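> Fit chain B with the ligands to the known structure of chain A by using the hints.
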Amino acid sequence: MELNGAEIVVQCLRDEGVEYVFGYPGGAVLHIYDALFQQQEVHHILVRHEQAATHAADGYARATGKPGVALVTSGPGATNAVTGIATAYMDSIPMVVLTGQVATPFIGSDAFQEVDTVGITRPCVKHNFLIKDVRDIAETIKKAFYIATSGRPGPVVVDIPKDVTDPAIRIPYEYPKKVEMRSYNPVTKGHSGQIKKAMELILKAERPVFYTGGGVVTGDASKPLIDLVRETGFPITSTLMGLGAFPASDKQFLGMLGMHGTYEANMAMHETDVLIAVGSRFDDRVTGKIALFCPNATIIHIDIDPSSISKNVRVDVPIVGPVKQVLRDMAKLAQEHKADINTTAIKHWWERIEKWRAVDCLRYDRSAEVIKPQYAVEMLHKVTKGDAYITSDVGQHQMFAAQFYPFEKPRRWINSGGLGTMGFGLPSAMGVKFAYPKADVAVVTGEGSIQMCIQELATCKQYELPLKIVLLNNGYLGMVRQWQEFFYSGRYSHSYVDSLPDFVKLAESFGHVGMHVTRPGDLEAAYEEAFAMKDRLVFMDIKIDPEENVYPMIEAGKGHHEMYMSPQLSAERELA
Amino acid sequence: MRHIISLLMENEAGALSRVAGLFSARGYNIESLTVAPTEDPTLSRMTLVTRGSDAVIEQITKQLNKLIDVVKLVDLSEGKHIERELMLIKVRAEKTYRDEVKRLADIFRGNIIDVTDTSFIIEMTGDCDKLDAFIKAIHPDMVVEVVRSGALGIARGDKGLNL
Ligand SMILES: Cc1ncc(C[n+]2csc(CCOP(=O)(O)OP(=O)(O)O)c2C)c(N)n1
Ligand SMILES: [Mg+2]
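One line per chain: the protein sequences are A and B, in this order.
According to this note's numbering, the first sequence is numbered sequentially starting from 1.
According to this note's numbering, the second sequence is numbered sequentially starting from 1001.
For reference, chain A alone in the conformation it holds in the complex:
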């Protein structure tokens, strides 16, 4: 089969099984767009900003586990995409981003819409390529998908100069069946000796805790994790990124840990003697002050990426390998040696944990007058029966969603944990909705965040994506305001968002349904109504308590035991 470069690009995507490409055209990719136009298999989704193309591809990848694909033009197209690439990089999301580039003879001449895309994206990709010859396209794209999806996944950028896709140059095409790279061989199996060592620690443990992260979700290891945790009877806590990998309703689940984690999770971390870290990377929002982190623990760490091991916290028993296989092996061992688990100690441990749990740290003031954000999320959970895909932006609303929407399954909770990218929620939800058209997909967002990619409401109209936008509108850049209240004596420097649009009218002008909700009593019915509109995007502008804060909280640089609670809870405990 003879094809030109542009056709080869598209054919590679077809051969790779790509369903959707999220993109935006421009000069350098016109040949590719022309090739896209002449086929039906690969569906191109026209976004309204390249940042959204990358977030949508990212959301698709997070929800499905398959690589997301974006296509943007050179120069500003590529620079607009960078935020989304960095977002995916920080959370290890498989993604292939095709960027147009000026024709090879012009590279380096400051040509129109030229930027050094490979240079700009280098620090925020797993790898990137500049294709200089039409004959290299197929192999490079194959490599890009292989690298993006194997080992610790991540985004790969493929920069394609315009002359490489020249329609006049046709060459024989064949998509490589597989690639071998002598320089890249991700680990496929965890060391059995290390697994055994870990198991010995687990059997001796008196106050163990599992601390699991996004790697369990990306590594599709939820099932063996559940097996292992149930087999051992140990408590488990999860990072923001790992939520859903273990069912939140399970008794053994202590909730999220870290800066806005639960009292029981953080206290268990502080007191544990054997910490079993799985696909988690000891991020500073999780560890708090390193010197105070798990002071009494021997640490086991399972991760596919050797550079994650002992990066921030020294680990005693590292196991480098795919979490799925390692957990499977461990679950089997745990089953065989179940009788050797120190059940008496574990029983005592649970008694202590239950005392911490009884504090009920997430309790909040229910009000009949004003909608509390916590209540808004709880109601969302109720109405969606806990079975929706929830994407979110960044801020207080994100933390409330993480705390009050208990996720039972992996890949349901989709948010930018590592980079913390405001503007992620709406476009990523588009990607999810394309993947699962029948599922309920809700965006829990803030009035600050939603405005960062609000233009995507047009994309949602064009493709009839019936998302539900749950705007927890506090009129503040709430998370910023909270820090200013706590750490800057209430000097609210530029955290008040003046001149908000009428979101209902705004949604309507894009052709969607808008709703104002202001009273707690109306909330449930409003959700019911919104979710009943199966084929409409509903934008719910929910006026919430403007000054609610996220609790508990560990101040940056403090230890897990130095959490503070909501004022109400603190007062009650003082009395008691």
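FYI, nobody ran anything at the bench for these hints, they're computed from the structure.
Computed from a prediction, not measured in an experiment: that's the story for all the values here.
All C-beta atoms, glycine included, are put in the ideal place defined by N, C-alpha and C.
Heads up, a few of these hints could be off.
Chain B residues, not near chain A, derived (Cβ > 12 Å throughout) [what the hints assert, rightly or not]:
1) 1008
2) 1013
3) 1024
4) 1058
5) 1080
6) 1113
7) 1114
8) 1130
9) 1132
10) 1135
11) 1155
If the Cβ cut is set under 10 Å, some of the chain B residues that face chain A in the computed set are [claimed, not checked]:
12) 1010
13) 1025
14) 1062
15) 1067
16) 1068
17) 1078
18) 1159
19) 1161
20) 1163
This is chain B with the ligands only, laid out in the frame that chain A set:
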């Protein structure tokens, strides 16, 4: 501690900037870095001198290994190895000082490879300390220009850093 690390990398455009970028992005110290193709034209070999605590060096080697273009890596400091650096140094060499410079160069086994009425260029190889010592031995006012290659390293014994 000072470490000397050898890398075999795919001989691709941009491979060098991936390494350099890694060091600046993660705030690692880089003392010298040399790179050139090898007998296998698809590979280039890099020698990198860095300093850091054990934990930092461990991260450096892991992060380098993580780069897709890096084929093989060895921390030469972990075993017996040989280090050499090439220096070209231009020194003022006038009248009485000419002989002294020549004598010094001889002691350090340097070769004078360019001569004018007022200057010499001396070529010298050795480990970094030796080159430092030579520069120290010459009066600072007499040094016109120094150019150094950065260290090259190779492990002792019959084993090679091959694929
Ligand atoms: C692109 C980007 N810019 C700035 C920030 C810093 N930031 C974190 S949370 C936040 C406030 C978000 O406000 P809003 O979306 O209204 O959410 P709220 O906290 O009020 O729920 C800001 C500005 C960020 N995370 N991302
Ligand atoms: Mg807000």
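> Run through the hints listed earlier and report the numbers of any the structure violates, in increasing order.
1, 2, 3, 4, 17, 18, 19
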